[in-house]
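Here are the chains, one letter per residue:
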Amino acid sequence: MNALLEVSRISKRFGPTIALDNVSMTAQAGRVLALIGENGAGKSTLLKTLSGAHRPDHGTMSIDGQSYRPAGPIDARSRGVAIVYQELTLAPDLSIEDNIMLGRSGTVAGTLLRSRQRQRVQKAMDQVGLSSISPKARTGDQSVATQQLIEVARALVSDAKIILFDEPTSSLPAADVDRLFQIVDTLRSRGLAIIYISHFLEEVRRIADDYAVLRDGHSVGAGQLSQISDDQIISLMVGRDVDDLFPAVPHEIGSARLDIDRLTAAPVPHNVSLSLRRGEIFGVAGLVGAGRTELLRCLFAMQPTRSGTVRLDGRPLPQRINARRRAGLGLLSEDRKTEGLAQNLSITENLSMGNHQRYSTLGCLNLNARSEDAKRWIEKVEIKAQHPNQCVAELSGGNQQKVALARLLAQDAEIYLLDEPTKGIDVGTKAEIYRIMGQLAAQGKTVVFVSSYLPELLAVCDRVGVMSRGRMTEVRVTKDWNEEELMLAALAATEDE
Amino acid sequence: MSDRPTPNHRARWSVLLRHGPSLALLFIIALFALLDWQFGSGRFFSSRNAGVIVNSAALVAVPALGMTMIIIAGGIDLSAGTALTLCGTVMAIAFRDYTIPADQAGAATWIALALALGLGVGILCGLINGLIISLSEMVPFIVTLGTMTIFLGVGQVLAEESTVYPQNTHLPDWLRYLCYTGSNTDYYWFSFLPIPSSALIAIVLGIAVALLMHFTVFGRNIVAIGSNPLTARLCGIRVGLTTTWVYALAGVFVGLGALLYFANVKNGNPSDGTGKELEIIAAVVLGGGSLSGGRGSILGTIVGALIIKTISSGCTMLSIPNTYTHIIIGVIIIIAVLIDGLRNGKPKWLFARLASG
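Protein chains in written order, with our numbering: chain D, 982 to 1478; chain L, -9 to 347.
By construction, these hints were calculated from the structure, which means they are not laboratory data.
For each residue, glycine too, the CB sits at the ideal point set by N, CA and C.
Mixed in with the good hints there might be a few duds.
[Said to hold, decoys possible] Taking CB as the label site, the calculated pair distances span:
1) Gly1344(D) <-> Leu117(L): 51 to 57 Å
2) Gly230(L) <-> Val1125(D): 29 to 35 Å
3) Gln1424(D) <-> Gly230(L): 54 to 60 Å
4) Gly1121(D) <-> Gly230(L): 52 to 58 Å
5) Gln1424(D) <-> Gly136(L): 31 to 37 Å
[To be verified] Some chain L residues close to chain D (C-beta under 7 Å, calculated; not the full set):
6) Trp27
7) Ser31
8) Thr206
9) Val207
10) Ala214
11) Thr221
12) Leu224
13) Cys225
14) Gly226
15) Ile227
16) Gly284
In isolation and in its complexed conformation, chain D is listed as follows:
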């Protein structure tokens, strides 16, 4: 087999932290390589090294047998290496065409050569299946899935030979994931080498041929996917056996606590009625835009409701966030970067936000009690940090999520509204979050768990409801669901209307 890209014994350190230690890897033309590892294992650093954003301290890289030492992202692109990032990096106000050509527009004396450019753009858009959309359309008006494909098209116009995908599906609903996979398939058959980072093993199985596992900056395994089991991959990733990806905590379901009656808001949710019980984990499935996030935000009064009532233990809840919070509701935001956490503040500061009454008298803080409390939570949910005053932005995604979750636990809520709590975090941390959810249920709390990842809903929840176009179309006990039926229910109602 012909190795298109060879990475040989590269190391990279940031101050005292060794991000990559003697990592080697090969990617072959016409094959998809899955790069697997927990958060903080060094995947992103490796990808950034490949795409020219970082330069390795030691080691060599080569493309087609020729030495590859990119001076920067532009140099990398000219050598045929393109990257599609996890978070979209498109300018929403520009047209699709302008976004695709951004940074590589053919110009004469600063003037764009529109016609020549348009041919290249059209060709790239055809290749990613976007031929039906006008290249002049505003990028911000497109769906997240389309924007992702625009990013891929952007990689294609630069005649990339190697395309790096950094968790491309974490923001996509299931139907669009299929579309992305078809595109990846096409790219593979055209002889490109693809390196694909993902947290979802079944996704890796569907799309990739080879795997490479990183742990704590070391390469710990590589080979063909057909020759390794999921359990083996996971034990390579975490360095120990994870017998149980979904640790079950026995809990008992009690009486009704939260009664939602015909809750309606503009534009979604629509006419949602539900009764949630003590000690219950209630899963909410559905496509992106089905109204799951909006349902949670209406319950937490972050979004105005048009009609319908929400009762906790029979008492109607007032329409104010802090009143609902005091009544015992807590929300974990789906977006920990821009909403869930104040990124430039410390862990302590984030943990105590809104929870100050725990260590204050008449509005005056006891700073010692506050930092003791922060230390306790850091230990309890095992946040990996240098010290409690470390800035949240410096933590890995999984640890950030633990900070947000710990703040919610410190609030000591009765009803936990968790919006995609496991999005973009590693397997080990996911398992810990499932365990925390189970423990909450065992304490008699109620957990509402919104997720796009069906296996976790089916493994963790007591009941699962499906939302579609703002309506809660079907609720069943978990054992009466399977993945296909859930997917079908999410899609079916959409087609009805």
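Place chain L on chain D using the hints.
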């Protein structure tokens, strides 16, 4: 080689940078003392000049304390300058028209009312800003740009487009000597401590605000709102209400600043305020305040005010024309913010050089 500063580099710099404004102040004082000793009159490094600098810095620092809270909360108040002179004008009018000579019986009540009126106008100005910003959710910059002109206009209407001069006899002694910087120790609050009373007031207020910011839930909520208003909202902090309070409280400091200013010039001219807001904001920024919110320091702000006034005083001593003083202060503000950026690893090119060199 990396495009981010490594922890080592940061650690090495951060100790210096944390005390950056204070070190800069010491450096500037030393520089001017040296220059003045060599080329000037030698009066810069004298206790009398120190009194003058400290007094004029206090006039900036007191309203800047409120501005620091606003900036930490992620806002800005462009109307602080004209609001301050509006308060001053109102006080001047009250003293001119509604008080009796200070040595007559019963004058104290009228004096208290006149001062309370001025202070009340300050709170009202802040409250108006706060309410418009939190209810309309407009950008503070635009809102206060509007109220800046409004307050100026209101002041001019009240003052009938001229300067208001109250009768000197109507002003009580303590008020007249609030900003006294002369050599007669009897006019200071503590005759053994010849520091202008205005500076003592600024220090006491500064300590109070620092305590408020560090040790109260309200203070931490201000930081939370400035860092990320969405997170604050999610955590049940009432963002609109807190914001309104911050502006109203800043209005108190505008009112107190106006009291000092009135005591200093003993008249009321509404047009004096134009441009003052920028001096106030500059003091906050020099002290390490970030206009994107969430960061700012009370000590820094006071030091910032001292830096500005030390430079203008030093330039005067060296007979550098006023126009050049403006240029120098402008350059220093830009350099200060650039250096302060080092704390966050900016600019990146500098760290890239340091790491590879």
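Hint-by-hint comparison with the structure:
no. : hint                                 : result
1   : Gly1344(D) <-> Leu117(L): 51 to 57 Å : 20 Å, violated
2   : Gly230(L) <-> Val1125(D): 29 to 35 Å : 31 Å, holds
3   : Gln1424(D) <-> Gly230(L): 54 to 60 Å : 34 Å, violated
4   : Gly1121(D) <-> Gly230(L): 52 to 58 Å : 28 Å, violated
5   : Gln1424(D) <-> Gly136(L): 31 to 37 Å : 52 Å, violated
6   : Trp27                                : 44 Å, violated
7   : Ser31                                : 47 Å, violated
8   : Thr206                               : 5 Å, holds
9   : Val207                               : 4 Å, holds
10  : Ala214                               : 5 Å, holds
11  : Thr221                               : 5 Å, holds
12  : Leu224                               : 6 Å, holds
13  : Cys225                               : 3 Å, holds
14  : Gly226                               : 4 Å, holds
15  : Ile227                               : 6 Å, holds
16  : Gly284                               : 6 Å, holds
Taken one by one, the earlier hints fail for this structure at numbers 1, 3, 4, 5, 6 and 7, listed in ascending order.
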